[in-house]
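Spelled out, the chains give:
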Amino acid sequence: MRTAAQHVTLARQLAVLLAGSLSWLSATADDRTFQRPYIENDDLLVRLIPRSPDQMAAFYEARGFPQAALDRIRQTCFVTVHIENRSTDVIWLELDQWRFTGDGKPLPRLDAAYWQAQWDDIGLRQASRSTFGWTQLPPVRDLQPDEPVGGNLVFPAATKVLNIEATFHTGADRHGKPIRLGFGNIGCSK
Amino acid sequence: MNTKSASVIVCVLWLLVIPLAGRTADLPPGVMRIAATPAPALRLDNLDGKPYDLADTHGHWRFVHFWASWCAPCRREMPSIQQLVTLLGDTDIEIIVVNTAESEDEAFSFLAAVAPDLVPLMDKDGLVTEAWQPRGLPATYLVDPQGRIQYQALGGRAWERPAYLAFLHGLVQGLTTTPAGNR
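Going line by line, the protein sequences match chains A and B. The working numbering puts the first residue of the first sequence at 1, with every later residue one more than the last. The working numbering puts the first residue of the second sequence at 1001, with every later residue one more than the last.
Accuracy of the hints is not assured; some may be wrong.
[Said to hold, decoys possible] So, partial list: chain B residues that the calculated Cβ filter (under 7 Å) puts toward chain A:
| no. | residue |
| --- | --- |
| 1 | G1126 |
| 2 | V1128 |
| 3 | L1154 |
[As the list claims (entries may be wrong)] Computed Cβ-Cβ distance ranges for the label pairs, DEER-style:
| no. | chain 1 | residue 1 | chain 2 | residue 2 | range |
| --- | --- | --- | --- | --- | --- |
| 4 | B | K1050 | A | E165 | 31 to 37 Å |
| 5 | A | I122 | B | D1090 | 47 to 53 Å |
| 6 | A | L181 | B | D1117 | 40 to 46 Å |
| 7 | B | A1112 | A | A157 | 35 to 41 Å |
| 8 | A | G182 | B | D1090 | 53 to 59 Å |
| 9 | B | E1104 | A | V140 | 30 to 36 Å |
| 10 | A | G176 | B | P1029 | 37 to 43 Å |
| 11 | B | D1053 | A | R36 | 42 to 48 Å |
| 12 | B | D1090 | A | Q97 | 45 to 51 Å |
| 13 | A | K160 | B | D1125 | 33 to 39 Å |
| 14 | B | P1038 | A | A172 | 22 to 28 Å |
| 15 | B | D1117 | A | A58 | 27 to 33 Å |
| 16 | B | D1092 | A | Q126 | 32 to 38 Å |
[Claimed, not checked] Every beta carbon over 12 Å from chain A, so not counted as near; a handful from chain B, in silico:
| no. | residue |
| --- | --- |
| 17 | M1032 |
| 18 | A1036 |
| 19 | P1038 |
| 20 | D1053 |
| 21 | S1080 |
| 22 | Q1083 |
| 23 | G1089 |
| 24 | I1093 |
| 25 | F1108 |
| 26 | G1147 |
| 27 | H1169 |
| 28 | G1174 |
It should be emphasised that the hints constitute simulated quantities derived from the structure, not laboratory data. Heads up, the beta-carbon is just placed ideally off N, CA and C, and yes, glycines get one too.
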């Protein structure tokens, strides 16, 4: 007889297999079925969720962001990222170790400096700048065992399909075996 | 053994376990011991407009928690902090919740539903939160009676669980080990 934990493990394994199958189907389909990539193993849980401009604008509008800010936000492509360190060692989130490409070309990530320039341009109030900042994925984090981190990655609006190659160094001194994950066919929802 | 007797024994064991766990157990999951550093300034008005200054409350442990109502892990964790307040009762540790960069309406409408006993400090422009440099929201710091940050919780935690309660009781009773050289 299986225990509840074994059932959960089996369900997870089936989910991973199913996700893998769907990923392959999607990659070969002519019509673009964008993915919500999800990887879970003994080291990491990583989930990516593409957001539509309307979703993001609605989120920030509900937080009191002015129209000028919403207009800038609508011109971009948001992907929400959730990561959990499931290992017993430090895992490094370092966005400069991630490669973003679209149509075979490198894609720029719209980072904190980009947004500061946008907000300076429209004179966004400090509270909104703070809220926006906390909703972004931090560029560097030494994820401790059991530590989660989440936030958004943002790309130019022209981005249609995004591929991510993520490298995570491990160990407090970054000298452990690196973890490399690939995520493909991430769509910028319209 | 009848149910009543069993309940009494469980209660007695619980009372014994709380201080002992604080003395001997490892840190509870997600609580990180850090090199003691003076807590940044925390001078804010609360939701009722009453001023508060962390520097005026030295002499006991402070549980300083930063949150925002839009943050999903914060929303999940806040009921646990409400429970923690109830479970700690008269324990000499002060629970301070700091709302990051939201309006009074946003803070009130959320807390009224899930944590009605908590009156947050309002960091209206978010600058006090940034000075504390949390690793993200939610963020919880444990500040010792001398005003130094000794521990940090990573992400949201189920504070009502025995491991966390035992740890906090251990701090208050001086049973939980503090980092060498930080006493």
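Tested hints:
The restraint placing G1126 of chain B at the interface with chain A holds, with a minimum CB-CB distance near 3 Å, inside the 7 Å limit. Taking 7 Å as the C-beta contact cut-off toward chain A, the hint placing V1128 of chain B at the interface is violated, the least distance being around 10 Å. At about 4 Å, the closest approach between the beta carbon of L1154 of chain B and any beta carbon in chain A falls short of 7 Å, and the interface hint on this residue holds. Between K1050 of chain B and E165 of chain A the CB atoms are about 52 Å apart, so this pair departs from the stated range of 31 to 37 Å.
Between I122 of chain A and D1090 of chain B the C-beta distance comes to about 50 Å, which sits within the given range of 47 to 53 Å. At roughly 43 Å, the beta-carbon separation of L181 of chain A and D1117 of chain B lies within the given 40 to 46 Å, and the hint holds. Range check, A1112 of chain B to A157 of chain A: about 39 Å between beta-carbon atoms, so the 35 to 41 Å window is met. Remark: the range hint 53 to 59 Å for G182 of chain A to D1090 of chain B is upheld by a beta-carbon distance near 54 Å.
Separation of E1104 of chain B from V140 of chain A is about 34 Å and conforms to the stated range, judged on CB atoms against 30 to 36 Å. Judged by the Cβ atoms, the range 37 to 43 Å given for G176 of chain A and P1029 of chain B is violated: they are separated by roughly 21 Å. At about 46 Å, the CB distance of D1053 of chain B to R36 of chain A agrees with the hint of 42 to 48 Å. Taken as a hint, the range 45 to 51 Å holds for the pair D1090 of chain B and Q97 of chain A, whose Cβ atoms sit roughly 49 Å apart.
Remark: the range hint 33 to 39 Å for K160 of chain A to D1125 of chain B is upheld by a beta-carbon distance near 37 Å. At about 25 Å, the CB distance of P1038 of chain B to A172 of chain A agrees with the hint of 22 to 28 Å. The supplied range of 27 to 33 Å is met by D1117 of chain B and A58 of chain A, whose beta-carbon atoms lie about 32 Å from each other. For the pair D1092 of chain B and Q126 of chain A, the supplied restraint of 32 to 38 Å holds, since their beta-carbon distance comes to about 36 Å.
A beta-carbon of chain A comes within 12 Å of the beta-carbon of M1032 of chain B; the shortest separation is about 6 Å. The non-interface label for A1036 of chain B is consistent with chain A: the shortest C-beta to C-beta separation is roughly 18 Å, beyond 12 Å. Every Cβ of chain A is farther than 12 Å from the Cβ of P1038 of chain B; the closest lies at roughly 22 Å, confirming the non-interface assignment. The Cβ of D1053 of chain B lies farther than 12 Å from every Cβ of chain A, with a closest approach of about 21 Å, so its non-interface assignment holds.
Look at S1080 of chain B: its CB is around 15 Å from the nearest CB on chain A, clear of 12 Å, so calling it non-interface holds up. The beta carbon of Q1083 of chain B is kept farther than 12 Å from every beta carbon of chain A, the shortest such distance being approximately 21 Å. Non-interface call for G1089 of chain B relative to chain A: holds, since the shortest CB-CB distance, roughly 28 Å, exceeds 12 Å. Every C-beta of chain A lies more than 12 Å from that of I1093 of chain B, the closest at about 23 Å, which supports listing it as non-interface.
Annotated as non-interface, F1108 of chain B keeps its C-beta farther than 12 Å from every C-beta of chain A; the closest such distance is 15 Å. Annotated as non-interface, G1147 of chain B keeps its C-beta farther than 12 Å from every C-beta of chain A; the closest such distance is 25 Å. Every beta carbon of chain A lies more than 12 Å from that of H1169 of chain B, the smallest distance being close to 22 Å; the non-interface claim holds. No beta-carbon of chain A is positioned within 12 Å of the beta-carbon of G1174 of chain B; the least distance is around 26 Å.
Going down the numbered hints, you'll see the structure goes against 2, 4, 10 and 17, while the others check out.
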